[in-house]
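What the sequence shown shows, in mature numbering (1 follows the signal peptide of the UniProt record, and there is no 0), is residues -23 to -1, 1 to 416, in sequence order.
Keep in mind the hints are simulated off the structure, nothing from the lab.
Yeah, the Cβ is synthetic: ideal placement off N, Cα and C, and Gly gets one too.
Careful, some of the hints might be misleading.
Unchecked claim - Below, a list of computed lysine-lysine pairs in the DSSO-like style, where the Cα atoms sit at most 27 Å apart:
(1) K181 with K394
(2) K210 with K250
(3) K312 with K181
(4) K131 with K344
(5) K394 with K367
(6) K344 with K390
(7) K210 with K367
(8) K367 with K395
(9) K250 with K390
(10) K312 with K249
(11) K181 with K395
(12) K267 with K210
(13) K344 with K395
As the list claims (entries may be wrong) - Ranges between beta-carbon positions, derived for each pair:
(14) T236 with I65: 25 to 35 Å
(15) E63 with E320: 23 to 33 Å
(16) S266 with S106: 32 to 42 Å
(17) S105 with G135: 14 to 24 Å
(18) S90 with G338: 34 to 44 Å
(19) P129 with E68: 17 to 27 Å
(20) T412 with A156: 46 to 56 Å
(21) Q218 with N276: 36 to 46 Å
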Amino acid sequence: MVRKLLGVAVAATVAMSVAPSVAYGATAQSGAAGRGDTPKPAAVAQDGTTDVPEESGPEETAEDTAGVGDVDAAEMEDLQQAATEEGITLEEAIARYGWQDDFVRVANEARDSFPDTYAGAVIAEDGSSASIAFKGEAPATVTNLAKTVRHPVKVFGGRPYSEEELRQALRTTHYEILARPGVATSAGEYDVETGVVTIEAQPKEPITDPAAKERFRAALQPARLATANPAIKVDIEVADQVESQPQAYLRGGGLLNTTGAETVCTTGFTVKKGSTTGISTASHCSDDSKLRYHNHDTNEYTIVTRKGRHSGGHGDVAWYSRGSYTAAKTFYYNKGKTRYVDETRWAVQGVRLSNYGRTSGYKSSAKIYRINLCVDRECDLVAMDKMVTKGGDSGGPWFNGTSAYGIHKGWVKLGGKKRSVYSEVRYLPQALGVTVLER
């Protein structure tokens, strides 16, 4: 990828369109409410089993994106944005990040091919190296595939746990603690390199006395039995406050408002379920079954109807119908600028990503800090290394080039620092029964 990026001209590309479907090679499909309130992996909550006629506002002219959307150009634009934000040259950004997409491709293939033994992939904090670990012996196919990445990648075995074991230990422990009568809320994460699961529990009543706080923590200790693998350790901490907040204020990256024109959220990516298409966003954005969807720089809109929502074991996501617009395979990555989605990706620790939100705009310097995070009733979240988002950005896309990664949720405080958080698009089939539309 580094060789391809050098000398590539930057080009832009589109998301929910009102032009005839042939503009994006999509077909026009017709396109309401449960919520996963229980502290466990929630079932898919669908708002209707049949398609119904939809109301709409005036139609608009779609942006013509024929021949636009080169993946290398898209990634180059993200790298240029990262260079600007970090105060480095484009060449430095290419050297630091230009190989990461190839590494993620290899790590995702390793995770999908060897789910029982895959034990995590990590890019070093300084970007100097990367690694893929396995429980037991490392598969030769992954070792060979890693050689295609133009950067040092270490593939090794011998880790005493898999990442899925860590994920399940975190989820089980987190939900067990959250259900305790004296616990107001909790948040949990794990360190894939040390095998330590950390749960922060906030008491319903404030505890200031250190001895009383230790007694409260000790009472939660049975949750350590949530993991059957002795190599996985569980560390329970008592927090004065577990700090997290959604950032609510549809084409991926488009704008969601109430039918009364009040600002709500941003949209993520266009999605499909069978032959039905629609748009994704965050579940917390609105309890209204109908919203207005606007493209950028227009007052025209279409009314979209909620098809399903999920707030639980696979994040904070929802999807809405397409209204009278055609669901294009594109998304807004910047104000008024669009590009195609070519694939979806699992999160990998240390990878730099981009995000678009209606309030904060286009950013490209945040890196993945933790994956499979749990916050209150929601798990399978991804936390970044810093907070780059603002209110109104909820539901917006997280991406790299033309690869879709996530749907923005809000922020959480981890390790004493506020960090942007998103839900993984790879879990949309489990959460909502939908998949991202790809070119």
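*So which hints don't hold here, by number, going up?*
2, 3, 7, 9, 12, 14, 16 and 20
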